[in-house]
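Asks: Put chain B on the given structure of chain A with help from the hints.
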Amino acid sequence: MTVKLKDATVASATGGVPPRRSRNRRPPWEEPPTPLGLFGKGVVLVLLVAAVLVPLWAVLVTSLASRETIDAAGGMVMVPREIDPSAYLTIFNGGQITRAVWISTLVTVLGTTVSLALTVLAAYGLSRPGSVGHRGLLFFFLLTFLIFPGLVPSYLVVTGLGLKDSIWSLILPSAISVFNLVVIRAFFMNVPGELLDSARIDGAGEFRILTRIMLPLSKAVIAVVGLFYAVGYWNAYFNSVLYIDDNDKFPIQRVLQSYILAGQSPNVSGAAVSLPGVTAYPPTLAVKMAVVVVTVVPALIVYPFVQRHFTKGVITGAVKG
Amino acid sequence: MSGPGAPGTVDAPEAAGQAPPPGRDLRPPGRRRPRRQSLRARLRRDWPLLAMTAPAAALLLVFHYLPTLGNVIAFQDYNPFVGDDPIEAFLYSEWIGFGNFEVLFSDPLFWDAVRNTLTITAFQLVFFFPLPIMLAILLNSLVSGRVRGFVQSVVYLPHFFSWVLVVTFFVQMLGGAGLLAQEMREAGLQPWNVMTNPDTFIVLVTAEAVWKDLGWGAIVFLAALAAIDPNLYEAAAADGAGRWRRLWHITLPGLRPVIVLLLIMRLGDALSVGFEQFILQREAVGRDAAEVLDTFVYYQAIATQQWGLGAAAGLFKAVVGLILIVAANKVAHRLGEQGVYSRS
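For the record, the sequence lines run as chains A and B.
Mapped onto the UniProt record's numbering, the consecutive letters of the first sequence carry residue numbers 1 to 321.
Mapped onto the UniProt record's numbering, the consecutive letters of the second sequence carry residue numbers 1 to 344.
Okay, chain A solo, but in the shape it has when bound:
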């Protein structure tokens, strides 16, 4: 909130320029930059950007390269010569990788739904100081920041509940992020009480207030939290090491790990793809890189939507947490 206010004052002082661009001109009192300083900054920024983009580029290009191109390059390809989709056709031709993508998608969709619903409900339930049990319940939730269960007891509880080899073992233990809950709760608490009062006078119950007033007002933050949850579910790896023994239920991160880092060959059923103009057996490296691309893509799709909002979310969490 302070940040926003500050931005607003800056913007109004500089004549209504939007906050982000408010520093687009160097203030008159600031000394001009030295050439060396400018050069240094430029080099650092280019290196930073390259460190992220070059690996992404190399992986994408290699996944689309033909056997000849990969052999000529001696491995990873940096310069695209052709677009050969056979690696992708192979991994989506049924078999373990296709199945893993489905499992991960299912876990992500189901998990995000459960997490988001329960988090929003609890955030609303905890947003009214003075309600019955408010202090105790809040303490109950916040204490999880300080006290952690160990790995062994968690494992015993999950297996004891019979969740081993069930996709619920990838969802329920990590379903509630108290951090996300605190972020949403902070937004709910900022909604003016008069609004809630008027709804109540009109006879709205708590649930109706939540769905008709709170949710529409905090759409943005809920979207961001939902996407955080989704990314978390999609990216989770270790819980599947603990709880999933059945190869057919491996999520995509697990397959990526066993395939690329541990060097096992994936069992891709029907590896031979017979389509006109397509290599029959795509090179192993291209297939590997195609799996990497498939694993990256959801993050890339989600990213632009969250990007505008997450600064706000992170700060609220940091300040109010």
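No lab work stands behind these hints: they were computed from the structure.
The model shown is predicted, which means the values in this text are computed figures rather than measured ones.
Yeah, the Cβ is synthetic: ideal placement off N, Cα and C, and Gly gets one too.
Any given hint might turn out to be false.
[What the hints assert, rightly or not] So the derived list for chain B, only partly shown, Cβ under 10 Å to chain A, looks like this:
1) P48
2) M52
3) V72
4) V114
5) L118
6) F161
7) V167
8) G178
9) L315
10) A327
Replies: Quick look at chain B alone, frame taken from chain A:
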């Protein structure tokens, strides 16, 4: 709001002004603290809130607090086969006092893991922790909003990648069959493989952590920078302070509360250094360099089914972590900072 007609009990006190009938279904305005009502009346008013909180609380109870209590098996010779389910096994297992801890503390592998963990934490405090601050200051100094926005979008991105992906990218770029080795071979050089070298492992894991979270870590500092009053800079410049003095006397003090907060959180977490990251690379570099406390618990307890021992190691970690964070918070209060939590 065209909801169902307002119940008369709510309308009446509105009309009557200041004198609401006691104990009736009156909701206090907004979230102002209500006057003391009987518990039953408050329950009748607040039960929907409790019902909404219940499912999340139940999940935490089962998957967070129940295992936390389950740590008591650290004092048992826990044997899952003496009962049909973990609860029964727990009831029938033999209590052995501090036996597990004695075994644990006399195990050199355990101390190796503790030493590795603390070394890596210390290394990252020096070589990772300051980087997001520097990046934030650098980004903040950019005059062009467009360049800044672009760089931000790019450097935040790896935060959304899983550890499996991050390690994969490093293998494909710097590993024995990666891009760097390829280029070096082409240039007639002897390629080296940093991915399997235990001596440089600490640098490698730090580089991975930096790659993943440098940009993300800068967000909080950028926000703190935006909250610094620009008039301070102007006044300082008018008094003849150069850019380095402004950095030292305005920017860094402005960041101080955030820096302290994050330092406390990092210290409280000194015994965890990124579990998945280490599990994924332990095979490649070997145990000597890559065994940290978390991987020790996994390999010595779950993989070998020595449950009591693993729980003891986990409990050790949790207790030390709790002490660290409480102590760090105390120090922060002493220094006049806000810290992570306060007693209000």
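Asks: Decide, hint by hint, whether the structure agrees.
Replies: Here is how each hint holds up against the structure:
1. P48: Status holds, d = 4 Å.
2. M52: Given a least distance of 4 Å, the restraint on M52 of chain B holds.
3. V72: holds (9 Å)
4. V114: It is violated, given that the least Cβ distance between V114 of chain B and chain A is near 15 Å, above 10 Å.
5. L118: violated (18 Å)
6. F161: holds (6 Å)
7. V167: Hint on V167 of chain B: holds, closest Cβ of chain A at ~6 Å, below 10 Å.
8. G178: Holds: closest Cβ of chain A sits about 7 Å from G178 of chain B, inside 10 Å.
9. L315: The hint holds - L315 of chain B has a Cβ within 10 Å of chain A, the shortest such distance being about 6 Å.
10. A327: It is violated, given that the least Cβ distance between A327 of chain B and chain A is near 13 Å, above 10 Å.
The structure does not agree with the numbered hints 4, 5 and 10 stated previously, though it agrees with the rest.
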